[in-house]
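Number of protein chains: 2
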Amino acid sequence: MSLERVEQRRSFGGEQCKYNHYSEVLKCNMTFSIYLPSNKEQKEIPLIWWLSGLTCTDDNFSQKSGFQRLAEKHQAAVIIPDTSPRGEDIADDEAFDLGQGAGFYVDATQAPWAENYQMYTYITEELSNIASTLVPHFSRKESIMGHSMGGYGALMIGMKNADRFQAISAFSPISSPSDVPWGTKAFSTYLGENKADWKEWDTAELVKKEGIPPILITQGTSDGFYPEQLNEKPFLENAEQHGQAVDYNKAEGYDHSYFFISSFLEQHFDFHMKHLK
Amino acid sequence: MSLERVEQRRSFGGEQCKYNHYSEVLKCNMTFSIYLPSNKEQKEIPLIWWLSGLTCTDDNFSQKSGFQRLAEKHQAAVIIPDTSPRGEDIADDEAFDLGQGAGFYVDATQAPWAENYQMYTYITEELSNIASTLVPHFSRKESIMGHSMGGYGALMIGMKNADRFQAISAFSPISSPSDVPWGTKAFSTYLGENKADWKEWDTAELVKKEGIPPILITQGTSDGFYPEQLNEKPFLENAEQHGQAVDYNKAEGYDHSYFFISSFLEQHFDFHMKHLK
Numbered sequence: 702m703s704l705e706r707v708e709q710r711r712s713f714g715g716e717q718c719k720y721n722h723y724s725e726v727l728k729c730n731m732t733f734s735i736y737l738p739s740n741k742e743q744k745e746i747p748l749i750w751w752l753s754g755l756t757c758t759d760d761n762f763s764q765k766s767g768f769q770r771l772a773e774k775h776q777a778a779v780i781i782p783d784t785s786p787r788g789e790d791i792a793d794d795e796a797f798d799l800g801q802g803a804g805f806y807v808d809a810t811q812a813p814w815a816e817n818y819q820m821y822t823y824i825t826e827e828l829s830n831i832a833s834t835l836v837p838h839f840s841r842k843e844s845i846m847g848h849s850m851g852g853y854g855a856l857m858i859g860m861k862n863a864d865r866f867q868a869i870s871a872f873s874p875i876s877s878p879s880d881v882p883w884g885t886k887a888f889s890t891y892l893g894e895n896k897a898d899w900k901e902w903d904t905a906e907l908v909k910k911e912g913i914p915p916i917l918i919t920q921g922t923s924d925g926f927y928p929e930q931l932n933e934k935p936f937l938e939n940a941e942q943h944g945q946a947v948d949y950n951k952a953e954g955y956d957h958s959y960f961f962i963s964s965f966l967e968q969h970f971d972f973h974m975k976h977l978k
Numbered sequence: 702m703s704l705e706r707v708e709q710r711r712s713f714g715g716e717q718c719k720y721n722h723y724s725e726v727l728k729c730n731m732t733f734s735i736y737l738p739s740n741k742e743q744k745e746i747p748l749i750w751w752l753s754g755l756t757c758t759d760d761n762f763s764q765k766s767g768f769q770r771l772a773e774k775h776q777a778a779v780i781i782p783d784t785s786p787r788g789e790d791i792a793d794d795e796a797f798d799l800g801q802g803a804g805f806y807v808d809a810t811q812a813p814w815a816e817n818y819q820m821y822t823y824i825t826e827e828l829s830n831i832a833s834t835l836v837p838h839f840s841r842k843e844s845i846m847g848h849s850m851g852g853y854g855a856l857m858i859g860m861k862n863a864d865r866f867q868a869i870s871a872f873s874p875i876s877s878p879s880d881v882p883w884g885t886k887a888f889s890t891y892l893g894e895n896k897a898d899w900k901e902w903d904t905a906e907l908v909k910k911e912g913i914p915p916i917l918i919t920q921g922t923s924d925g926f927y928p929e930q931l932n933e934k935p936f937l938e939n940a941e942q943h944g945q946a947v948d949y950n951k952a953e954g955y956d957h958s959y960f961f962i963s964s965f966l967e968q969h970f971d972f973h974m975k976h977l978k
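In the order they appear, the protein sequences are chains A and B.
Its first residue numbered 702, the first sequence is counted upward by one per residue in the numbering used here.
Its first residue numbered 702, the second sequence is counted upward by one per residue in the numbering used here.
If you're looking for bench data, these hints aren't it; they were derived computationally from the structure.
Only a predicted model underlies this, so the values are computations on that prediction, with no experimental measurement involved.
Be aware that one or more of the hints could be misleading.
With a Cα cut of at most 20 Å, we get these calculated SDA-like pairs of lysine to any residue [stated by the list, open to error]: (1) A:K765 to B:T756; (2) B:K728 to B:K842; (3) B:K728 to B:P837; (4) B:K774 to A:K719; (5) A:K886 to A:K900; (6) A:K741 to A:G714; (7) A:K741 to B:N730; (8) A:K765 to B:K728; (9) B:K910 to B:S923; (10) B:K842 to B:N830; (11) A:K719 to B:S923; (12) A:K765 to A:K744; (13) A:K741 to A:K765; (14) B:K896 to B:G954; (15) B:K951 to A:K900; (16) B:K774 to A:C718; (17) A:K951 to B:T825; (18) A:K765 to B:E708; (19) B:K719 to A:D793; (20) B:K765 to A:Q764; (21) B:K765 to A:C718; (22) A:K910 to A:K886; (23) B:K741 to B:N730; (24) B:K774 to A:Q968; (25) A:K900 to A:K951; (26) A:K728 to A:D793.
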């Protein structure tokens, strides 16, 4: 395994690091960021995953959310993957909501995407193995959060791996992907036109499963993508019918930006830490 | 006076706004950002100025520092000017440390810069007048902080206007501009080769004045520009000789980035608010 640390910056007493590595799963070079809190040698450290939205890299959350203050306060490690495979030889699309920067965290089955767009396996297996080597005294407790496309990813990965993740939270997630333009475009492109093949990736379906982790969602009411792309109704209706613990909150006047995310991140960290202790 | 609000985003309960206006002083269109806390209609609100470093706009501090949490906690307004005049018709230089993005907050006297590079007058007069119309129940208490070139600007403007600013703080400032490459390049270009003309803008000279505001400085020890560009010795020696209240702190292992600034911003806000109450 190639793994090169290319940045190490002190932040709130801990370390904000950036790594490059060759991904066997994605068949390209990848970059990710990880925050390690200051007491990492003394305490058992849980790991929180952050999945970003369309067009983002590992930098957006790292530079704009202010999460390091909270990770240090709670002595949690936080890992931030990129949002797709990357590179000149990797399939791409001119649209911002498809291809590089828009991997949707699924394992693609359709050409030409299937060759590299295996983000689900990359995150849940390859990057998970790497992360466990980087967090000293890893408590083996994990949770997952994300924004928009990454909010979808957090819900989807968290519910498909209910025995692994103690909590899930999302900011303005694409929670009902089969019912909105971003989701149907990505699913039909990466998974094909047969909607039966979408179900195992559809968060509005996955929420029917027994034993999923507790879920917290925050949605800004002045979000320009709400409700068209971020329609919550199918997801919430299915959650309610199956008695799931989904805490869905509207944030009055907030938009889709990191100004919104940073405003509510402390609430989300409190929620995660309650379940990671 | 033209003044157009082009962004208004909710952040930590308050409002992060961006304005465009035509500057009569700089003779070009300018952009600035301002944060107004949630209780702006009920309470007397002080105003904190943030001056950014080389290459920055009003966006860097707004998007990367997480200051809004602290401004809302303390119910302070924060205004963030751009770092130079801007536009295709405005004098510029290929180097990142001269011209647009590098105005150094002085009033230039040399051609071609003098025509537009009047940042000192812009900030202390024109933008100050605008700010006072934007902060409801403005308490008329003000303080100033900044980073690198903006740390120099905060020290310089704060000390030249000691009756106006209650406190000054700076992250990794160019505190001894006449002794370092960035400062001598800017001063000789904007103010001319006669070093006698630099003195009124030289923070290592201004610190000798009686009655300057209390000063807090934080400098990271792993800052790649320290000590070459950020040599503190002439400034601190003069401060000590004249019995000035300069609290200079080294932050072990921190660099020049916003990861450093955000880590110590709460300390700086606490210092400012002690003097703005």
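Hint-by-hint comparison with the structure:
Restraint check: the Cα-Cα separation between K765 of chain A and T756 of chain B comes to about 18 Å, which is no more than 20 Å; the hinted pair holds. The suggested pairing of K728 of chain B with K842 of chain B is violated, with an alpha-carbon distance near 29 Å, which exceeds 20 Å. This hinted pair does not check out: K728 of chain B and P837 of chain B have alpha carbons roughly 28 Å apart, beyond 20 Å. Distance restraint check for K774 of chain B and K719 of chain A: the Cα-Cα separation of roughly 31 Å exceeds the 20 Å cut-off, and the hinted pair is therefore not satisfied.
Proximity of K886 of chain A to K900 of chain A is assessed by CA-CA distance (about 15 Å); at most 20 Å being required, the pair is judged to hold. About 11 Å separates the Cα atoms of K741 of chain A and G714 of chain A, which keeps this hinted pair within 20 Å; it holds. Between K741 of chain A and N730 of chain B the CA atoms are separated by roughly 49 Å; this puts the pair beyond 20 Å, and the hint is violated. This hinted pair does not check out: K765 of chain A and K728 of chain B have alpha carbons roughly 33 Å apart, beyond 20 Å.
At most 20 Å may separate the alpha-carbon atoms for a hinted pair to count; K910 of chain B and S923 of chain B exceed this at roughly 31 Å. For a cut-off of 20 Å, the pair hint linking K842 of chain B to N830 of chain B stands: about 14 Å separates their Cα positions. Pair hint K719 of chain A plus S923 of chain B holds up; C-alpha atoms about 17 Å apart against a cutoff of 20 Å. Taking the CA atoms of K765 of chain A and K744 of chain A, the gap is about 27 Å. The hint is violated against a cut of 20 Å.
This hinted pair does not check out: K741 of chain A and K765 of chain A have alpha carbons roughly 24 Å apart, beyond 20 Å. Between K896 of chain B and G954 of chain B the CA atoms are separated by roughly 35 Å; this puts the pair beyond 20 Å, and the hint is violated. For the proposed pair K951 of chain B and K900 of chain A, the alpha carbon gap of about 55 Å is over 20 Å, so the pair is violated. A hinted pair counts as satisfied when its Cα atoms are at most 20 Å apart, and K774 of chain B with C718 of chain A does not qualify at roughly 29 Å.
Distance restraint check for K951 of chain A and T825 of chain B: the Cα-Cα separation of roughly 41 Å exceeds the 20 Å cut-off, and the hinted pair is therefore not satisfied. For the proposed pair K765 of chain A and E708 of chain B, the alpha carbon gap of about 18 Å is at most 20 Å, so the pair holds. The hinted pair formed by K719 of chain B and D793 of chain A fails the criterion: a straight-line CA distance of about 34 Å is larger than 20 Å. With a C-alpha separation of about 6 Å, the suggested pairing of K765 of chain B with Q764 of chain A holds against the 20 Å cut-off.
Using a Cα cut-off of 20 Å, the hinted pair K765 of chain B and C718 of chain A holds, with the two alpha carbons roughly 17 Å apart. Simply put, K910 of chain A and K886 of chain A have alpha-carbon atoms about 25 Å apart, too far for the 20 Å limit, and the pair is violated. A threshold of 20 Å between alpha carbons decides the hint, and for K741 of chain B with N730 of chain B the separation of about 28 Å lies outside it, so the pair is violated. The straight-line distance between the Cα atoms of K774 of chain B and Q968 of chain A is roughly 16 Å, inside the 20 Å bound, and the hint therefore holds.
With a CA separation close to 27 Å, the supplied pair K900 of chain A and K951 of chain A exceeds the 20 Å bound. Proposed proximity of K728 of chain A and D793 of chain A is supported: the alpha carbons are some 15 Å apart, at most 20 Å.
Checked against the numbered hints listed earlier, the structure breaks hints 2, 3, 4, 7, 8, 9, 12, 13, 14, 15, 16, 17, 19, 22, 23, 25; every other hint is satisfied.
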